[in-house]
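Colleague: For reference, the chains in residue letters:
Protein chains: 2
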Amino acid sequence: MINTFCKMPLWECNDTLVRVAQGQQPADVVIRHANFVSVATREVLPDTDIAISCGRVAFLGIRHHTAEHCIGPDTLVIDARGLFAAPGLMDSHIHVESAMVGVSEYARAVVPHGTTAIFADPHEVANVRGLAGARCMFDDKDSPLKAMMTPPSCVPAVHDVEDAGASIGAADIAEAMRWDDVVGLGEMMNFPGVFAADENLLGEISETLKADRVVTGHLPLGNHSKQLSAYIAAGVTSDHECDTWKDVETELRMGAYVQLRYGSAWLSLPGYLEQLAASGIDTSHCLLCTDDCHPNTLVEEGHMNRVLQKAVELGLDPVVALQMCTINCAQYFGLGREMGSATPGQCADIVLFENLRDFRAKMVLIDGEIVAEDGRSTFDPAPYDWPDWMTDTMNLGFVPTAETFEIPAVANSALGVAIPNGMTCAAALALDSQTGTGTSELPGACEAQTLPNGEACVRAIGISGGETITRDLLVHVPVVDGQLRASHERDILKACVFDRHHGTDGVHSFGFVTGFGIHGAHAQTVSHDAHNLLVIGDNDEDMALAARTLVKCGGGEVSVADGKVLALVELPVCGLMSRGHAHDVASEVARAEDAWRQMGCTMPSPFMTMGLMSLACIPVLRLTNRGYVNCETFEMEPLVVE
Amino acid sequence: MINTFCKMPLWECNDTLVRVAQGQQPADVVIRHANFVSVATREVLPDTDIAISCGRVAFLGIRHHTAEHCIGPDTLVIDARGLFAAPGLMDSHIHVESAMVGVSEYARAVVPHGTTAIFADPHEVANVRGLAGARCMFDDKDSPLKAMMTPPSCVPAVHDVEDAGASIGAADIAEAMRWDDVVGLGEMMNFPGVFAADENLLGEISETLKADRVVTGHLPLGNHSKQLSAYIAAGVTSDHECDTWKDVETELRMGAYVQLRYGSAWLSLPGYLEQLAASGIDTSHCLLCTDDCHPNTLVEEGHMNRVLQKAVELGLDPVVALQMCTINCAQYFGLGREMGSATPGQCADIVLFENLRDFRAKMVLIDGEIVAEDGRSTFDPAPYDWPDWMTDTMNLGFVPTAETFEIPAVANSALGVAIPNGMTCAAALALDSQTGTGTSELPGACEAQTLPNGEACVRAIGISGGETITRDLLVHVPVVDGQLRASHERDILKACVFDRHHGTDGVHSFGFVTGFGIHGAHAQTVSHDAHNLLVIGDNDEDMALAARTLVKCGGGEVSVADGKVLALVELPVCGLMSRGHAHDVASEVARAEDAWRQMGCTMPSPFMTMGLMSLACIPVLRLTNRGYVNCETFEMEPLVVE
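Quick note, the sequences are listed as chains H and F, same order. Under the working numbering, the first residue of the first sequence carries the number 1, and numbering increases by one thereafter. Under the working numbering, the first residue of the second sequence carries the number 1, and numbering increases by one thereafter.
If you are wondering where the hints come from, they were derived from the structure by calculation, not from laboratory data. Among the hints, erroneous ones may be present.
Any copy will do: because identical chains look the same in the list, a pair fits if it lies in one copy or spans two.
Below, in silico cross-link-like pairs of lysine-lysine (BS3-like), each with a Cα-Cα straight-line distance of 30 angstroms or less [as the list claims (entries may be wrong)]:
#1 Lys7 x Lys246
#2 Lys552 x Lys564
#3 Lys552 x Lys226
#4 Lys226 x Lys7
#5 Lys310 x Lys362
#6 Lys226 x Lys362
#7 Lys210 x Lys7
#8 Lys141 x Lys210
#9 Lys141 x Lys7
#10 Lys246 x Lys310
#11 Lys552 x Lys141
#12 Lys7 x Lys362
#13 Lys362 x Lys141
#14 Lys552 x Lys362
Note that the structure is a prediction, hence the values are computed from the model and not measured.
Let's have the full structure, built from the sequences with the hints guiding it.
Modeller: Listed below in structure tokens is the structure:
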């Protein structure tokens, strides 16, 4: 496809490149004596010179073919002796919103690590503000990063079980495909819809194919030939959800591109990489991606360089690893003639690495201009002028108070059916289908026995740190003054989800959750995928303060205990992103992590785990603003169990 | 790019494919128990089932994942036990005209060998009838072969030294890029023009790039970094002219796709293939091609299967070899999502081979339909209805007689300066720059000595069988009755080139040629690249008969001796192609080869060698309709030397 991410289209400057290559006109930049990582041939070529003009490579001189003839009085000459010159790194699938900043601030964070292009799915913003929100987010272009968009295909992610801020259909996708920066369709996570040949979903795919762009995938299914064939035959050509070598191998054999993932939390690489490296199969359809990277990962550990480091540590040849985030990625998106190998004619997106082990970037060039040196960007994006409709998204329609969080233990169609004290909890115990562990290990676990007086048997979400799969539990909670109460001793917190998109004046749901172990409350608007306002806590006052704090600041995450705000990360842009720098957000997030600990949570990444509590496309039990959803049957479930 | 070579676009049938894959609707065809050549992963997967619907692969079942669920009462089930199912073969660079038939007859010849797609440059037809001729040729679509066009970039091949039938410029290319079957620009053989940043050539490249298509190359230069960088940076991304491993390696490192060639006469593979196979470098940028295949090669030996056979014989892994003429080729042309791997969603272009050594095709499917079995096509193209302007191209403007071929030994600006008998031949001996052999080994060689009485020193083209490079020779020829004569004893033939495009009433040139060793005359209109009428012979009468015979039949090749036509291959379409079947043309060509032998020629492929006598873009000396051209300086040279 036509590359709109360049200083000049090749057809406007090929005459200049021809002259520069032959020494008839000086180059803008000449890199000398580099170890050139030739991803086209899978080699490292020592002592290579690269001459750059018009943002593109004009001349590549290997060994004794120097670029001396391209150097004029104004040519910037970079001595890369001892360094490794590789094409700029590409993240084949990323949600920028996970870094809690906008695109240009994201660029400030990742470019110094060697990332020159991202293929980003603004799925989160779109759930809040629709396609217009995605467009607005990507109009934040004050950075050299090539931020290519794959507009979200599944907004809302799941139908009829929650209220998202927007929806996207085939007609929207047709419109988005006309945008210059759109390179494909965002992850097709509604795979059941594809299997069912859903008209709107296939319509989105079709609009993408008609625009000659790729449809990216999301298929946590593995080695199921029928469904995998159906999914790929529908037109979806990539997937980042593989967990095992068998998944990877099968999808590659089916012709798909497999996006090997290593993000902040999705650490899939170790699940298959050693086997991949040992298999000897063709890796040209393997890509690397992070999917989601939190600000602190980006600031403290890195971005694609971190993925490369891990891949090499796990036994992958470093040049093969580099192919997976350069030439292979560009090929997949139809940009292989324009970028990905830093060969003549291509955009001069080049990273100078100190070595091919930790991939520390000494210098980064995009379109032939130095954009980062020694870990710091040389560009300074202006703060993006977000329009009000992107920052005014806390639309609950009312102000929550402590009373808002009271759960009456009475029959209530919205809540399910309340249970009088002393009744038998008749429901069979739900077992975690993943781990096989039952509920009985939990302090408040509800067994098939007579309820103690003053207690009720309710459904609760069981959460384990580091797991995305939840458990569907039945637990006992105290009933006081006709209300269901949380229990800090039993680690049973109240959970409440408010529709924040439609000003519906109090329409919200109640549930319980166990696993966080906190005293106090935590609220956040980063709550996949509808990003409604989610509040958990062991007392109504702290929950109310947490909720009000976020309503006031426009969204984000907040920790409250005993009437005091312990930590607040303000994310006023759609309740998802900060207006500040990634570095500052990372510090705030670190403070928020401390607050979790202070409140008693010992789980890794509680914020993230909480952010998935409403995500109705992942098993087993989730709580949306409409109530409990069984994510295997997609039926609503009652809170109180008879 | 959008694939217009399919039964149905994916976006019109993905719903059906989804249902077929899951067994909800029966497939049209199911191939069972094949050894599937997985070019995506570079493996052979035993016992694989493939279900096909709407011309595309709906389901791929590896090992115990059978396609039984896709079989309905009307499904055609093909038992491929013991066979190898590979994606259809693609020829990445081909001139159909070399087979002396039109596109659909070409299909009849090559499809049974497993070829399902060709990327064809109608350069020869375009030199006779321009872009309109190319369009007309490719409108001959009564075959399932995917005949994709790369419109010729260099018509005429060389400017100002000959008169071709047409010319093509950037505006024509812009028009052609809008055609459905155009996938790129034809070989950019005017590389000196690219080095000089010629406006029209770069304009053609630019129009191609703006249309998001590839520019194919032709660069017999090898390891010259400056020019190679310039050529590739200009936008040319492939080359089929490599002769050595060093050439191949350098071009791959520069990011180009290298088209490894093995045609009828251009047998480049042995020059580098063993080294390539041993090198261990990434071969994803290697393609296979034939460039030119004569009808007898296609009929007797095969097409891409023959190239594969040779590649494997030279040590290449058969699956890697298959990648080079399937997935790699599709990728290069931007069609990798649509064809090249026979994975779900792709066009069901599939060959069942008996083995991966000789690559004999047992069955060929295109878009899921059986198009050949056991070496015979199952389709029967209707004779193409060529318009008159394509078959009426012998426009000399007069009828040649024996007198036409008389060369007066007098001063003549068109011929150079005649030399009186007995003069000293003062010119230095021209040496063949390739072989270093001088002229003295030739019977009529002219040395720096006094000319015998009755002789003249003339420039002659020295030809060696199997060599494309000619020699620039000085030889003595008899002068009789004031005319320069040929000499059968000395193997010095007259050569004469007539402009056959402009009816210029007798504008033609004279020269001499040595190497063919015939008595009689041979004429042909296949004479690269202008395809004027070229006649050689040792006597004027036979030359005249040969010329008149071709004028009468519309072009082709003819051998005449002692007033008798020994063999005639009629090629009335542009003087290049027959109206008949490739098999019949092959027989006629075989008879013509016999005639050459009968006339005394011992050279291999004399027709082909003669066909290059006018090709002014290959060193050293050529004869066009305007006279001798020094193909290193591009200066005209006189016939008679003082």
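Colleague: Against this structure, judge whether each hint is valid.
Modeller: Here is what the structure says about each hint:
no. : hint            : in the structure
1   : Lys7 x Lys246   : neither (42 angstroms within a copy, 33 angstroms between copies)
2   : Lys552 x Lys564 : within (15 angstroms within a copy, 103 angstroms between copies)
3   : Lys552 x Lys226 : neither (50 angstroms within a copy, 63 angstroms between copies)
4   : Lys226 x Lys7   : between (45 angstroms within a copy, 23 angstroms between copies)
5   : Lys310 x Lys362 : within (19 angstroms within a copy, 47 angstroms between copies)
6   : Lys226 x Lys362 : between (47 angstroms within a copy, 28 angstroms between copies)
7   : Lys210 x Lys7   : both (27 angstroms within a copy, 15 angstroms between copies)
8   : Lys141 x Lys210 : both (27 angstroms within a copy, 24 angstroms between copies)
9   : Lys141 x Lys7   : within (14 angstroms within a copy, 42 angstroms between copies)
10  : Lys246 x Lys310 : within (20 angstroms within a copy, 35 angstroms between copies)
11  : Lys552 x Lys141 : within (28 angstroms within a copy, 68 angstroms between copies)
12  : Lys7 x Lys362   : within (23 angstroms within a copy, 51 angstroms between copies)
13  : Lys362 x Lys141 : within (24 angstroms within a copy, 56 angstroms between copies)
14  : Lys552 x Lys362 : neither (42 angstroms within a copy, 73 angstroms between copies)
Comparing the model with each earlier hint shows violations of hints 1, 3, 14; every other hint is respected.
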